[in-house]
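Based on the sequences and whatever the hints tell you, model everything.
Sequences listed follow chains H and P, in order. Read in the numbering used here, the first sequence has 608 at position 418, and its numbers run on one by one without any break. Read in the numbering used here, the second sequence has 115 at position 36, and its numbers run on one by one without any break.
Simulated from the structure, these hints should not be mistaken for laboratory data. Do not take every clue at face value.
[Stated by the list, open to error] What follows is a set of in silico ranges between Cβ atoms, one per label pair, in the way DEER data are often shown: (1) H:ARG296 to P:LYS102: 24 to 34 Å; (2) P:GLN152 to H:GLY370: 53 to 63 Å; (3) H:ILE648 to P:THR107: 51 to 61 Å; (4) P:LYS102 to H:GLN302: 33 to 43 Å; (5) P:LYS102 to H:ILE648: 45 to 55 Å.
Just so you know, these numbers come straight off a predicted model, no measurement behind them. C-beta: ideal position from N, C-alpha, C; glycine also.
Below, each chain spelled out in residue letters.
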Amino acid sequence: MTIDMTQFYQVFFDEADEHLADMESLLLELDVDQPDLEMLNAIFRAAHSIKGGAGTFGFNDMARVTHILETLLDRLRKQELQPITEMVDAFLEAGDVLKAQLQAHREGDEYQDERIDRVCTWLERLTHGEQSPSAAPPASPEPSLTRERPAEPSWQITFDPHAPEFKADVHLDALADSLGELGTLKRHSEATGRPVTWHLAGHGISLADIQDIFDFICDLKGVQIMPMDGATKSMLSASDDGDESFGFFDEAPGAPEPEEAEDPGYGFFTDSPPPPMSAPSDHHGEQSDSSYGFFEDAPGAEACHDSDTGSYGLFGNSPGMAQVASQAAQDREEDAQGYGLFDPSPGYPTSIHSEDDGHPGAPEAPTKGGGTGRPPPNKEATAKAQSPKRGPGGDSSIRVSVEKVDQLINLVGELVITHAMLAESASRLDPVTHEKIFSGLSNLERNSRDLQQSVMSIRMMPISFVFNRFPRVVRDTAANLKKKVTLRLVGEETELDKGLIERLADPLNHLVRNSIDHGIESPEKRLAAGKPETGEIVLRASHQGGNIVIEVNDDGAGLNREKLLAKAAERGVPLSDNPSDKEVFQLIFAAGFSTADKVTDISGRGVGMDVVRRNIEQMNGRIEIDSAPGQGTRITIRLPLTLAILDGMAVRLGDETFILPLTAIRESIQPKREQFKTVSGKGKVLNTSGEYLPLVMLQDVFDMGQAGQRLEDSIVVIVDTNEGRMALVVDELMAQQQVVIKSLETNYRKVRGVSGATILGDGRVALILDVDELVHLNQEMQPKRTGTSEQGNLA
Amino acid sequence: MAKSILTVDDSASIRQMVSFTLKGAGYTVTEAVDGQDGLDKARSGNFNLIFTDQNMPRLDGLSLIKELRALPQYKSVPILMLTTESGEAMKAQGRSAGATGWLVKPFDPQKLLEVVRKVIG
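Here it is as structure tokens:
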């Protein structure tokens, strides 16, 4: 039975990802001065689990790194070593290397970079209690004296020269000569005529080099080539060439074969205790692969013996051994009845395959194990040979491409529109005579709403996917700037659309780095200001109504209003006479605006904040900033739950219907005549609770001709924009509804003041208003309308 | 009746591999995600063989074995440790905890089956 290992890869990848993420977050939490033992244990376990999986599934490069990592962690958790900050750096670097390796394996590749050797050497040095002279990792991979590390990298090559893939006239000697040119070749057990295993050792031999040679003589499928590293050597060699040569009944406990002694695939100790196995070079002298001790002794005697194959073992006299013994006795019985067909001689019969099929008795398992050999642990070989399929354990979740989900969301959108159309048509019918149609319609409405919610929930992911990168970002950035900063995450479980999550990462990254660079003061300044030495950044996510609100808080120096105003004057940025704090703070989102005294490599070049704002606006979100001098700055991002569907308010203006995003609407009022004023330079304004808001007439902005009704008969909707609030004049508020966003850009072209379009129930297209753009458009209108403005042309 | 095996490992991939391999060979397999889960599942079931990882959250492999050995129905059921090390110290600990044997990780499915067949047929 051959088992396709590739089917487990995906689970392993996901699991390793998780472990790496865990490890990183634990490392970042770790207090080096007072390490929490449980935390060290958890970090160790994460590394350990990755190593176990990597080894099992043949990702030996990862197994090697994790092994070295684990060795150091083991010493830490046993308190043989005191953790130092440099170790955390090394662990983080190792985590990064492992991530890269994992990513490469996901793509069916292998990560090759000198980073791997560098971090291994670094970790090994730390394991031996050495610190690097500087915090940086050593530049060149120096050979280390760790005992696990082999002197030379080596490869294990297993192939069957008699297999059909091989050309008939292959001379093993010639092949050996070719391989010998690459490095030192060790040949084992060719005489048996079964698959042979060779070892090739030497520096700088790549997999491709070996494959090239075999490519000449056979299909590469027939050849298994695997690297043998320090981490895995003992295990791999533990079962290499024993496959060919085990005999159940041969009594040769005292005749170990020197070559095969290190490879016990199936040998059992008949004596106890077994010899120490600490070093890979250790040959198990007492062990013979031809001495299945179990079977030689009297029935039941097995129970008293240790058996040890190097890769597994059984403790004599331990609980449970009675069962093993009875099983063995049964095996023997079956053998006696003629099921055991093994040649008792150490030289193995060639007719192994016929036995496999013909006799499903107890000895079958070892035969198969020995006969078919290990499955190719290197991924290329396995992937080529077997089609990937998923294991039965994976059915609790499935992986679906995002496109499929998006398609589903699109279809649900169409369904919502279709329903709206049907309802529209049905509204002309008599409800009494068409009762069934109406009840059907209401069912349809409910079902499509449920369907929509379910489909949307597929795309929802907890925001921790973005938040989790920040402990690292904060640590690295703070260390870089020699500041002390802690990060607190609140509301990580808040869910939002996957598309938004991905697009949030960059803006948030920028904001956080900015907060550390410009917000949080240096430890000295903080102490001088009577604040705790360590600054704090809080990332907070929450649902508020139909929105996601994300805050980036810092307890730093806050924004300097005077500095911003001076900068604005210097750059000629237009501002009102007595600007509000909010207005002033919004300046930092203007392009090319930086008040940093000096440009650091973290931030301060003035590119960024405007990009951040643009990114957020593209997600139909908005960004606000609050700041108090000496107390800190809070940046608030408001986002809709999803990109595909918008909660909107349908408003009528003349014959046209527009959609206003609900997130933007503050309130709507029926204005009185005296509330309308005209202010020089600002055009018409609305006075509401003592505040004058710019009044936007959509008719003018969109050039729709004369207003249909008098201003005082209209409704004014107050909306939030990035430039502060504004008042939008509409004829009628129609209904609050969810609309499916259709891009105007892809279907038509970009139109200023409009962020998209949607299809209404009656089949007409309604434009979704972009309130931020409307403010700008309105400002541009001013000179035309007032003609006398001096400030109007600044926008 | 198919023999039933409990595999205790906090690594889902290893668990799946073990489970898939053994199910393919006709055994009934139950998975447990850590030592505590393993103990709970062992208590409510009757297994012919138990595989356990060593390093696990909540309850580690050695403690699990000790707990199991204290239960009457697992006094003499084979319990094998899946471990990444095969040093003497580990073996001594395993033996004193009451393990029947050990199997070194990484192992391949053939090896696993071979051991299982050897132990419970």
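Structure-based check of all given hints:
Checked against the hint of 24 to 34 Å, the pair H:ARG296 and P:LYS102 passes, with Cβ atoms roughly 26 Å apart. At roughly 58 Å, the beta-carbon separation of P:GLN152 and H:GLY370 lies within the given 53 to 63 Å, and the hint holds. Separated by about 34 Å at the C-beta atoms, H:ILE648 and P:THR107 break the suggested range of 51 to 61 Å. Between P:LYS102 and H:GLN302, the C-beta spacing of about 37 Å keeps the proposed range 33 to 43 Å intact.
Look at P:LYS102 against H:ILE648: about 30 Å separates their beta carbons, and that is not inside 45 to 55 Å.
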